[in-house]
Amino acid sequence: MKPENELIFLALGGSGEIGMNVNLYGTGGKWLMVDLGMSFADPAYPGVDLVFADLDFIEERADDLVGIVLTHAHEDHIGAVPYFAADLGVPLYATPFTAALVKEKLIEAGVENDVELNVIDHLDSFRPGGSASPFHVRYLPLAHSIAEGNAVLIETPFGRVFHTGDWKLDDDPQIGEPTTSEELTEIGDEGVLALVCDSTNVFNPNPSGSEGAVRAALDAEIARHQDKRVVVTTFASNVARLQTLGQAARDTGRQLCVAGRSLDRIIGAAQANGYLQDFPETVDFDTAMRLPRGEVLIIATGGQGEPRAALARIAAENHPIELVAGDVVLFSSRQIPGNELAIGRIMNQLAARRIEMVTDRQELIHVSGHPGRPELEALYGWLRPEILVPVHGEMRHMAEQARVGKAAGIRRQVVQKNGDIIRLAPGKPGKIGESRAGRLVLDGDIIVPADGDSIVERRRLAHNGHITVILPPSDSDADILISAIGLPLVEDMEDFLEEAKDDISSAIARLKGRARTPEAVQEAARLAVRRAARRWSGKNPQVAVLAMDAA
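With UniProt numbering, letter number 8 in the sequence shown gets 8, and the count goes up by one each step, no holes.
Hints in this document: simulated from the structure, not taken from any laboratory.
Each hint should be verified, as a subset may be incorrect.
[To be verified] No farther apart than 30 Å at their CA atoms in a straight line, the calculated lysine-lysine pairs in the BS3-like style are these:
hint: 1; residue 1: Lys501; residue 2: Lys512
hint: 2; residue 1: Lys417; residue 2: Lys431
hint: 3; residue 1: Lys417; residue 2: Lys406
Values in this document were obtained by computation on a predicted structure and should not be read as measured data.
All chains should be modelled from the sequences, with the hints used to inform the complete structure.
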């Protein structure tokens, strides 16, 4: 497909799920990508950490891709850049803070010289791909839980698209200066064809809340624990929250200690780009542990239950930061769906040591970076788009935002999912086709299909175990060897192995004449041992049969 006299939208990731955002716009024979993110794997992908959108559609059209515009520096918007940008061979565009973090990723991946990274000042408009490109782009700062959260206004021959990225409304954001309602109203006055909008918090009937209110609540909560050591865990990327915690340390007379390499990296990038300029000098772990308990505030990574992060190690008493009964951990972040069990394990470890915990369900120590329904309705009123395209959500979130938009007076709504090819203009907007929208995973050092043989086999191994059978040469008196892993037969293993050997011998003996080929012998052994395993354990293990050659 090559879009010519039309404007196309296609999500390869982030529509029908939260995370892994990859969006394409097509017109005039060219394509523009907005964001190139990843997700973190769940237990459905054993042995895998990272999940990516399958970019096969745009890789086949890479000669027509003019560039990749990055809205902000969260992993679900930039995390796949070091894995795919060099192969796509097009320039990246980002504002300074985002560009700094992307550059670190490119250097770490060893591809910094293979990728063109353009740093865009907030006020500059630009044309990805040069003067002949059909796309003219301008960043519009919006509040979010990271520095330089941006919408992008994309001018095309068919009208303007307002792509929100991740956003919220905040009268007291602590970091940055978001675009004002007056400026957004002016954009609406000039005309917006389509609003492509974050759906994450559409079910929240209330506004997301202000970072300024979080500062007041953190001040009060930290001050309440005057003689206690306090640890606050939050997202490392939440620069506004780091600013708030630096202020809270000063407000409560505590020195600040930072635990987590990602925090060090984010603080360094923020300060290099003009943020956190009044952030307090931090103390090292040894100094923090020597200070009176009520005179130190510790910021730690790991609020999502990450097993190697600082908070998990503190909870397991495997970190230089030590807590005792009565000390306090403040969870200044929300639980990302899917992380509940991991977070619960850490909380249980802390509770067993009688360490007090406070979450955002008890006190206003966290606010979301995504808009609640009143904020969505406010943006609709300012921009007055002709079309609403919900993204960044599961299907239920996007369908609900379409209903909210319709009730607010937006004339047309398009509920789409990854792989749906949507024509925005000309004519009535809607789906005109489908593309592949699969998933890839980083398996070790190799990117493979998420539904590939290695992952499928690993799932089967995890559920049912594995048996290896070694058959001796046919003219040998040696015994059949069987090794079983992962079967629930600890006490009965020896009896099972003996019976399985007998079953294999009987199955092979039944093969006569020309039917007794090497392949048939191995298959008879495989089926026999699998039937024995099912009889003894109820499991259907993977079976590998190896035949020894005669000497």
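Okay, the hints, checked on the actual structure:
1. For the hint pairing Lys501 with Lys512, the CA-to-CA distance comes to about 19 Å; that is within 30 Å, so the pair holds.
2. The straight-line distance between the Cα atoms of Lys417 and Lys431 is roughly 10 Å, inside the 30 Å bound, and the hint therefore holds.
3. The straight-line distance between the Cα atoms of Lys417 and Lys406 is roughly 19 Å, inside the 30 Å bound, and the hint therefore holds.
Violated hints: none; the structure is consistent with every hint.
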